Amino acid sequence: MTIPRILADQVVEGQTLPALSYEVTATTVVLGALATRDWRPMHHDKDFAVNRNGTQDIFLNTPNQAAWFERYLTDFTGPHGRLGRITFRMKGSIFPGDTMVFSGDVTGTETDDAGCAWANLALTLSVNGDTKTTAAARVALPTTIDDNPWHRRGDAWRP
Amino acid sequence: MSSGLTPLPENLVLALEQHQGDPVAAAATMIDIPLYRSAGEFPVEQGYIWTSLSSTENGNPLFWDPAVANELTDGPIAPPSMISVWFRPHNWAPGRAEVALPLQVHFDLKTLFGLPEAVMTDNTITFHEPVRPGDLLTTHQVLRSVSEPKTTKLGSGRFWVIEVIYENQRGDLVGVESYTGFGYKREAAS
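If you read the sequences in order, they're chains A and B. Just so we're aligned, residue 2 is where the first sequence starts under my numbering, counting upward by one. Just so we're aligned, residue 322 is where the second sequence starts under my numbering, counting upward by one.
These aren't lab readings, by the way, just hints derived from the structure by calculation. Nothing here was measured: the structure is a model prediction, and the numbers come from that model. Beta carbons: idealized from backbone N, C-alpha and C, even for Gly. Possibly wrong hints are sitting among the right ones.
DEER-style ranges, computed between Cβ atoms [stated by the list, open to error]: (1) B:507 - A:116: 50 to 58 Å; (2) B:435 - A:3: 57 to 65 Å; (3) B:494 - A:108: 20 to 28 Å; (4) B:507 - A:152: 47 to 55 Å; (5) A:24 - B:473: 25 to 33 Å; (6) A:90 - B:507: 41 to 49 Å; (7) B:380 - A:42: 27 to 35 Å; (8) B:414 - A:147: 42 to 50 Å; (9) B:493 - A:145: 21 to 29 Å; (10) A:108 - B:473: 21 to 29 Å; (11) A:7 - B:332: 24 to 32 Å.
With a cut-off of at most 25 Å between alpha-carbon atoms, the simulated SDA-like pairs for lysine to any residue come out as follows [said to hold, decoys possible]: (12) B:506 - A:56; (13) B:471 - B:382; (14) B:506 - A:93; (15) B:474 - A:20; (16) B:474 - A:46; (17) B:474 - A:132; (18) B:471 - A:132; (19) B:506 - A:26; (20) B:474 - A:127; (21) B:474 - A:93; (22) A:92 - B:477.
Working from the sequences, and respecting the hints, build out all of it.
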């Protein structure tokens, strides 16, 4: 079987990832909350979100944003890409009616002492050009056609 | 309307008494101490994996094609970003009087400082051993820091950093999640 993949030497600092655009609906928000078992009302109850949280509507929850960022990253890397670490900071909320746009750049590449190749990426989730969430991700990539980051264990895996 | 605050656990009630009602000193007794050790209420399950992938329209064949999963990860795994999903309690369960809350330290701090609203501002997740369907994970929470009082556009309150450490049934570290929360009171309308 040939599984599509991107190798570490095909990723360079300054490289820009293709943007991902998605129309957010109430279903997006509620499905994301339920998929992450987040029952808190600000993610499904507009009255609560507006009158208790002071936001304009229900909004995308944190764990589902993590899932969106993972999807965006592995759209780029293919299934061999193994997420090691992600940090994200929310600056604003994502509401139904928003068109959210994911974008990203490779900020650096490295090979650690265990021989694992990494790409570091700066990611942005924006709506109408306004940054809503920023993220920094570290993803392991195969160095050769025979390398598989998923097989790294213990000290060979240093995320 | 409720206060948005949950009852303080006994250890914090005692800490408050020992520190003459000083919430900063009471919070300091929690720092770097493993708290709320617990096991997930259910094993990692394939159905939830597909629901999550559906919510983000994630077509990664690693999670949909058993042949790809066998080749890359020796069988199916969960998307790493789902790590916290396996600990979020049921909204209701027989015999439980109140809804159990994930990230209980966060809610303890809201109550301790009398801050009815809160948001999460930063979140870092570090991924280790892959999580697989059938795994039963355990977790504990560690409070790392509490800030001085701060005022933001949301209101006045404090930031805090909480780590959640996840392990599988074999004791392997599967992930560490670090949250920065901001508990606050909304400013009164002028």
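To see whether the hints hold, each was checked on the structure:
no., hint, verdict
1, B:507 - A:116: 50 to 58 Å, "holds (52 Å)"
2, B:435 - A:3: 57 to 65 Å, "holds (60 Å)"
3, B:494 - A:108: 20 to 28 Å, "holds (26 Å)"
4, B:507 - A:152: 47 to 55 Å, "holds (50 Å)"
5, A:24 - B:473: 25 to 33 Å, "holds (30 Å)"
6, A:90 - B:507: 41 to 49 Å, "violated (22 Å)"
7, B:380 - A:42: 27 to 35 Å, "holds (31 Å)"
8, B:414 - A:147: 42 to 50 Å, "holds (48 Å)"
9, B:493 - A:145: 21 to 29 Å, "holds (27 Å)"
10, A:108 - B:473: 21 to 29 Å, "holds (28 Å)"
11, A:7 - B:332: 24 to 32 Å, "violated (49 Å)"
12, B:506 - A:56, "holds (14 Å)"
13, B:471 - B:382, "violated (45 Å)"
14, B:506 - A:93, "holds (18 Å)"
15, B:474 - A:20, "violated (30 Å)"
16, B:474 - A:46, "holds (23 Å)"
17, B:474 - A:132, "holds (17 Å)"
18, B:471 - A:132, "holds (23 Å)"
19, B:506 - A:26, "violated (29 Å)"
20, B:474 - A:127, "holds (20 Å)"
21, B:474 - A:93, "holds (11 Å)"
22, A:92 - B:477, "holds (17 Å)"
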